[in-house]
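With the hints as your guide, set chain A onto chain L.
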Amino acid sequence: MAVTGLVFIGYVLLHMYGNLKVFAGQEAFDEYAHHLRTFGEPMLPYGGLLWVIRVVLLLSIIGHAYAAFTLWARASKARTQKYVVKKAVAATLSSKMMRWGGVTLLLFVIFHLLHFTTRTINVNGDKDSPYDRVVSSFQPEMWWVAVIYLLAMCALAMHLRHGVWSACQTLGFTNTAASRARANFAGVFLAVVIAGGFALVPLSILFGIVD
Amino acid sequence: MKITLNIWRQANAAAKGAMQKYELDDVSEDMSFLEMLDLLNENLNEQGEDPVAFDSDCREGICGMCSLMINGQAHGPEVTTTCQLHMRSFKDGETITIEPWRAEPFPVLKDLVVDRSAFDRIIQSGGYISANTGSAPEANNLPVEKAKADRAFDVATCIGCGACVAACPNGSASLFLGAKITHLGSLPQGQPERDTRVVDMVAQHDHEGFGGCTNIGECTAACPKEIPLDVISQLNKDLRTAMKHGY
Chain L
1 MAVTGLVFIG YVLLHMYGNL KVFAGQEAFD EYAHHLRTFG EPMLPYGGLL
51 WVIRVVLLLS IIGHAYAAFT LWARASKART QKYVVKKAVA ATLSSKMMRW
101 GGVTLLLFVI FHLLHFTTRT INVNGDKDSP YDRVVSSFQP EMWWVAVIYL
151 LAMCALAMHL RHGVWSACQT LGFTNTAASR ARANFAGVFL AVVIAGGFAL
201 VPLSILFGIV D
Chain A
1 MKITLNIWRQ ANAAAKGAMQ KYELDDVSED MSFLEMLDLL NENLNEQGED
51 PVAFDSDCRE GICGMCSLMI NGQAHGPEVT TTCQLHMRSF KDGETITIEP
101 WRAEPFPVLK DLVVDRSAFD RIIQSGGYIS ANTGSAPEAN NLPVEKAKAD
151 RAFDVATCIG CGACVAACPN GSASLFLGAK ITHLGSLPQG QPERDTRVVD
201 MVAQHDHEGF GGCTNIGECT AACPKEIPLD VISQLNKDLR TAMKHGY
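Each protein sequence line maps, in turn, to chains L and A.
Take the first sequence: its position 102, counted from the start at 1, is 102 in the numbering used here, and no numbers get skipped.
Take the second sequence: its position 247, counted from the start at 1, is 247 in the numbering used here, and no numbers get skipped.
The hints are simulated quantities; they were obtained by calculation from the structure and are not laboratory data.
These numbers were taken from a predicted model, which means no experiment stands behind them.
Since no wrong hints were added, every one of them can be taken at face value.
Below, computed lysine-lysine pairings styled on PhoX-like, alpha-carbon distance capped at 25 angstroms:
no., chain 1, residue 1, chain 2, residue 2
1, A, K16, L, K82
2, A, K21, A, K2
3, A, K16, A, K110
4, A, K110, A, K21
5, L, K82, A, K110
6, L, K77, L, K96
7, A, K148, A, K244
8, L, K21, L, K127
9, A, K91, A, K2
10, L, K87, A, K21
11, L, K82, L, K96
12, A, K2, L, K86
13, L, K87, L, K77
14, L, K77, A, K16
15, A, K91, L, K86
16, A, K21, L, K86
17, L, K87, A, K110
18, A, K91, L, K87
19, L, K82, A, K21
20, L, K86, A, K16
21, L, K86, L, K96
22, L, K87, A, K2
23, A, K110, L, K77
24, L, K86, A, K110
25, A, K91, A, K21
Here chain L stands alone, though its shape is the one from the complex:
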């Protein structure tokens, strides 16, 4: 759970960096997208690096989901008779949202891949330039696309907020009160930076800052 989660944190940081290229203009963005495919040539074939990343991500999501559903199943088996009254005293909202929030994120990732990778879902005309595809998808008249992405970023922020802290605990890095506080801070910090960084792109296009 923790190790595969760290793989995803590394990936979303890189992904966010790529997305923010949108602010450098069409040429920079499209060139970055092209570079991702030619990266490592001629040692790697065209798109080779992307396929390496895809395989790592696919294995990570299988491991992550397997661990999550195992924990979920163990929890339901450990308490079959529910309490009539149960108060949550310390649980954060993000910790309560981990399971269904995770399922939501998985569904979003599938939608996102169909939208921008396979281009099966075509929301506002198919364009050859990746930059055009992004900008046309988040136009104000297609506001619902931006809403889906922004809601997914809220889910991602909550997942990261608890996930980062929980991963530090699981890996045994938080053996003092101070390190515990640091892990909690890292959770909030990464949640705000990553989800916020991603959200900047659709928001900027929606409000006409990028066109």
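Relative to chain L, chain A alone:
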């Protein structure tokens, strides 16, 4: 004080239980929670009804025998054991819901009494140190760092009441497990069996049917001894070290 009680009644381990309502009119706010239940049982005895079974022993907050989920919180609204909880923590006219600890490894024996032998079996699997019998060694031969001694002592205050399991949304006993592993692992006497201890105790914990920890923190909030959450991190760290050593 006038109190309405909503209590889980279950005749035996095999029977199906249900919540039942009781009214108490003459409760003093100076009574402990268990004295209030004693009063209820006296009334029930007078009426020829079966008294409510609940666990208690020292009634001083040190033995870990009392339990009870009170209004959805393990040991009630204060950070202490049920026996040290007083009726002044409740309002006149309040309805109090009382349930047993809920976890499959803690089966209900009768009413509010659960069988916590699973904890004993976890301790038997590794919560000990091996020491040679014979004459006691000179105590000062084994220096212990002050910080480590303090930490060991702080977590050794775990009384094994099971509130962590009762409060955990996953039904995990990781706080209990972490407390025992941190306690023995902080001291020189606990070093020889440190790797096997964590591996065996975690295996027994899982075998008993407790859930896995997802670091939510309800356990430490419910713990009457305020065992901190970092013992679970210590448990994971010891497990990682043991795996590195090939266990």
